[in-house]
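K.L.:
Residues per chain, in single letters:
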Amino acid sequence: MRLEAVGKRYGVREPWVVRDVSADVSPGTLIRLEGRNGSGKSTLLRVAAGVSLPSKGKVTGRPHTGYVPERFPGALPFTGRDYLLHLARVHGLRGATAASRVEGWLERLGAAGYADRPLRGLSKGMCQKIAITQALLPDPGLLVLDEAWTGLDQAARGALDAAALERVADGGTVMFVDHEQTRLQGKISQRWRFDGDGRVTMTPLDAAEAGENPDARETVIIELDGLEPGAAARLAEIPGVLSARGAIASVAAARSDDVLRQVLAWDGVHVVSVRAGQETGR
Amino acid sequence: MIALLRYQAAILLRSHRWIFPVIAYVALVAAGAGEGGTPLSEGLGWSAAMCVPVVAFGTRSMLTAEPDAARACVAAAAGPVRSQLAALLTALGGGVLLAIAGACVAVLTSESVLRSPLNPSPAGKISAAVAHPGVLLAGLATAGVCLLVASAIGALFNPPVLRHPGVAVLATLAAAIVAIASDVSPAGAALRHPAATQTTAQWPGLFPAVAAVCLLAVTWTASAVAAARRG
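So the sequences go chain by chain: C and L.
The numbering of the first sequence is my numbering, which starts it at 27 and goes up by one.
The numbering of the second sequence is my numbering, which starts it at 583 and goes up by one.
No lab work stands behind these hints, which were simulated from the structure alone.
Quick caveat: nothing in here was measured; it's all calculated off a predicted structure.
Backbone N, C-alpha and C define an ideal beta-carbon position, used for all residues, glycine too.
Hints should not be assumed to be uniformly reliable.
As the list claims (entries may be wrong) - One side only, chain C facing chain L, incomplete, derived with CB under 8 Å:
(1) A75
(2) S78
(3) R115
(4) W292
Unchecked claim - Covered by chain L, per the in silico footprint, the following chain C stretches (three or more residues, Cβ under 8 Å):
(5) 102-110
(6) 160-166
From just these sequences and the hints, can you work out the full model?
P.N.:
This is the structure:
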């Protein structure tokens, strides 16, 4: 995907919210957008997601996109499940595939028990889970998360971390904004910094983060929930796992995506958190 | 596009946003049906004309049904232009159903096409209307022109093109009245064709039909572009 001199303003006499953003985003990139409130992060995310056309420049080669807005008020006359089935079809999924994807993601995010309630009656966190589910349904090549973690319980935050990393491991691009500074730390490939003037400074993180945090690139701590007794031993045997204590595994960063995928295939297992490793000390 | 239309139609049906237009249309059509019945072509003209305000506001209703966040999710999946067109098409589709129902009412409440006192029963009226299909088809064509104009009004004077709620409602109402009352509008021109006899079809004329299609194309484009720019 390429952004070519993208600029955005909401009206001819309005100021530029974002100006002159150019980037060549290669597959498998995890991009964190940073900047204070109102600096244009959400606007650029919407332009990148194709929700909004740029006022200047263009976005080319955008893969199929899933977008999670910062707030998802459930003011729609559907139950969660009906809404998701409609969105699955809008995403181009059909029949049994659509239904099984919906069930699978509802389960992973811990929303399956609430999916038959009307959207209007759902809590903010549950609405957020529905919004996240719709974005993940098609295994999107571009996943855009605008503070999608806000309002989620811890298990769902971990599940979203894992889902984002899976998209990256599958060669997708993930762009996100989150107030939690350590969100997906150690896995981020680029940091886009918004200076408040509409301009964006892009930093590839291989070098920068290694300087700040020498261990961050090397190990990742994955905390799990719902492991069967005795599964910890099985966890330690997965290639890439350096050590496993209870439900907490220290994993070589390079292998963490494979490890996550294997672990998530186990029944009832949820990811509580994924973070840069240092506290277990090697 | 089919998935988008299904989604929008489900919103229309389940949000009960169809109830108000249907009640308004029933009331307006009933108000036009005179005591002893009107000639069929007049009844068809009235039910077509009443489509204009009802479908214009029905279009507004569809364009404001989705919260912005939900609209953005769909736009990312299917593109903002296509999702906007789906909302407009759904409202127009609802309008087509209303117009057909209105034409049926016009047939049933009309005095017999042949002014024949021998045929006062509904079955007699239907068979009389079928015996002169030109009158009915021309009436439906007029309704078609009115629907296109109504949809154009709804698209142009409502979000995302015109976002101020008060201004949008007043502009939609004013435009609907002008569309029926003025000869400048294709709907008005289609409704006021030269007087004809009972059994002569009153076709809307080529100019109003072409003008209505052009109006629809321009306003739908404006609505879709505004949705993509402001999304």
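K.L.:
Against this structure, judge whether each hint is valid.
P.N.:
Against the structure, the hints come out as follows:
1. A75: 4 Å, holds
2. S78: 4 Å, holds
3. R115: Since the shortest Cβ distance to chain L is 4 Å, the answer is holds.
4. W292: Status violated, d = 31 Å.
5. 102-110: Since 4 is at least three, the answer is holds.
6. 160-166: As far as the stretch 160-166 of chain C goes, the hint holds, because 3 residues have Cβ atoms under 8 Å from chain L.
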